[in-house]
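Take the sequences, apply the hints, and build the full model.
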Amino acid sequence: MKRVLFALVLLASVAGCEVQGNLGVSAPKKQERPTVNVPAALRQSNWRGSQGQGSCVHATMISLFRWQYRLKTADYWRRTYGDGEYPEDLAARFNKEGIRYAYVTNGDVRFLEWACRTRRGCGITVMGGAHMVALVHLDDKWAAILDNNNVERFIWVPRETLIAEWKASYGWAVTPIYTPAAPLPQ
Amino acid sequence: MNKLLLCVLCLLAVFAAVVPCFADTVNGVLAEERVVNLPQDQGKWYVSVVGNTTDSRYNEIVGWFDTNASLKKLKNQVHFCPVTTNTAIYQARYASNVKALPTVRMQRSDGTVVYEAAGKNLPMTAAGLNGALAGAVNTAQGLRPILPWRREMERRCPSPGPNPQPNPNPNPPVDPEPQPIDDNGPPNVEPEPQADLPPWGLALLCVGGAIVGLSTGYGRKLYDKLHPRVK
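Going line by line, the protein sequences match chains A and B.
With our numbering, letter number 149 in the first sequence gets 149, and the count goes up by one each step, no holes.
Just so we're on the same page, our numbering is the position in the second sequence counted from 1, plus 186.
Just so you know, these hints were derived from the structure itself, not from any lab.
Treat the hints loosely; a few may be bogus.
Said to hold, decoys possible - Think about it this way: if two alpha-carbon atoms lie no more than 20 Å apart in a straight line, the pair counts; the simulated SDA-like pairs of lysine to any residue are:
| hint | chain 1 | residue 1 | chain 2 | residue 2 |
| --- | --- | --- | --- | --- |
| 1 | A | 96 | B | 362 |
| 2 | A | 30 | B | 300 |
| 3 | A | 30 | B | 295 |
| 4 | A | 141 | A | 158 |
| 5 | B | 258 | B | 372 |
| 6 | A | 30 | B | 229 |
| 7 | A | 72 | B | 361 |
| 8 | A | 141 | A | 161 |
| 9 | A | 72 | B | 272 |
| 10 | A | 141 | A | 33 |
| 11 | B | 259 | B | 369 |
| 12 | B | 306 | B | 268 |
| 13 | A | 72 | B | 278 |
| 14 | B | 258 | B | 301 |
Right under this line is the structure:
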């Protein structure tokens with residue numbers, strides 16, 4: 001009887017080593033909204049360049065540089081570039097400066113989805129191609145943008161409305177590809 | 187001769203057609219309408235190292251991610267975020283939720299904190315931090331944790347480290363080297379490799395055991411012979 005008891009105690013103690021943490025289903029996490037939650041201090045306002053034109057493309061890129069921890073690059077970009085921009089010219093500047101980036105000019109929505117899914121965000125054209133804003137959120141129903149003409153708040157619009165506006169504005173989207181800011185702790 | 191010329195011309199034509207296809211790639215991204223190689227890294231975890239650039243402890247810990255092989259490997263598997271207190275991103279996203287400085291925090295892609303240590307609770311060595319992160323990853327992924335005896339063994343056998351510890355320049359003039367582009371998900375952190383018993387040691391142990399066993403058996407027989415049982 002003693003032997004049986006001893007064996008049971010031994011078994012129980014060995015089994016104890018294999019107990020794992022509680023891996024049960026936990027409550028769903030509250031996702032950060034917008035996904036690319038650029039803090040106010042990192043948002044770059046639009047400015048007039050040396051030729052008197054708005055610098056919305058550069059302002060958008062600077063906000064995204066800051067969000068992706070390229071703080072020195074952002075400062076450099078602000079000092080060096082300005083005025084209006086075309087997709088090919090911006091690509092040439094990125095190539096010249098050794099910036100890692102990706103862009104589309106064909107209105108492919110998958111690019112927007114990728115940019116928001118990976119928490120990098122992207123610049124998108126609006127207003128018939130006359131202006132660029134940062135796309136900071138895109139889900140099944142909603143999109144959010146950060147307009148460099150008013151960086152105080154995010155603007156939420158229905159997903160389809162945003163996509164229609166973008167496609168009617170040459171469908172240009174562009175983003176640097178670096179490390180996005182870590183999500184807020186859950 | 188004509189056939190040879192034809193072959194050479196064909197080769198030249200193929201070469202001329204192929205080269206432009208690769209000419210436009212810059213930094214692994216094709217700078218054209220058709221975008222390729224977009225990193226599908228939404229599942230990557232995050233490691234933030236938060237502190238003050240004037241704090242030698244913070245600089246030491248950030249340096250570990252370049253000097254310690256395991257931490258360097260981890261750095262390339264996650265979104266690595268060294269955050270300093272003089273930045274707006276610290277004020278907006280860290281100041282309200284770190285307990286002390288420096289802080290090392292590991293998060294899943296959804297923000298769930300898997301590991302966090304701050305101030306005096308931070309491990310003393312790079313190997314210790316790697317072990318802590320490895321344990322946290324294993325626990326978070328539901329893997330079997332390292333058993334206590336193994337942990338004790340690891341504690342007794344610290345991996346060699348350079349002395350003095352290299353102290354990277356805390357104020358580099360440009361942004362740090364970007365991390366590699368890949369589609370990685372959760373990291374695979376392995377504890378520091380430990381010195382196991384070598385194969386010859388095991389063989390020696392077996393031979394020794396056999397000799398002891400045989401001699402014990404022979405000794406018992408000899409004892410029985412010299413001291414016959416009383417019947």
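Here is how each hint holds up against the structure:
With a CA separation close to 18 Å, the supplied pair residue 96 of chain A and residue 362 of chain B stays within the 20 Å bound. Distance restraint check for residue 30 of chain A and residue 300 of chain B: the Cα-Cα separation of roughly 16 Å lies within the 20 Å cut-off, and the hinted pair is therefore satisfied. Between the alpha carbons of residue 30 of chain A and residue 295 of chain B the distance comes to roughly 13 Å, so the proposed pair stays at or under 20 Å and holds. Distance restraint check for residue 141 of chain A and residue 158 of chain A: the Cα-Cα separation of roughly 6 Å lies within the 20 Å cut-off, and the hinted pair is therefore satisfied.
At roughly 15 Å between alpha-carbon atoms, residue 258 of chain B and residue 372 of chain B fall within 20 Å of each other, so this suggested pair holds. Simply put, residue 30 of chain A and residue 229 of chain B have alpha-carbon atoms about 17 Å apart, close enough for the 20 Å limit, and the pair holds. Proposed proximity of residue 72 of chain A and residue 361 of chain B is supported: the alpha carbons are some 6 Å apart, at most 20 Å. Between residue 141 of chain A and residue 161 of chain A the CA atoms are separated by roughly 10 Å; this keeps the pair inside 20 Å, and the hint holds.
For the hint pairing residue 72 of chain A with residue 272 of chain B, the CA-to-CA distance comes to about 13 Å; that is within 20 Å, so the pair holds. For the suggested pair residue 141 of chain A and residue 33 of chain A, the alpha carbons sit about 13 Å apart, so the restraint of at most 20 Å is met. Distance hint between residue 259 of chain B and residue 369 of chain B is fulfilled; the C-alpha atoms sit about 15 Å from each other, no more than 20 Å. Our distance criterion of 20 Å between C-alpha atoms is met by residue 306 of chain B and residue 268 of chain B, whose separation comes to about 19 Å.
At roughly 18 Å between alpha-carbon atoms, residue 72 of chain A and residue 278 of chain B fall within 20 Å of each other, so this suggested pair holds. Restraint check for residue 258 of chain B and residue 301 of chain B: satisfied, since their Cα atoms lie roughly 18 Å apart, inside the 20 Å limit.
Going through the hint list in order, the structure satisfies each hint without exception.
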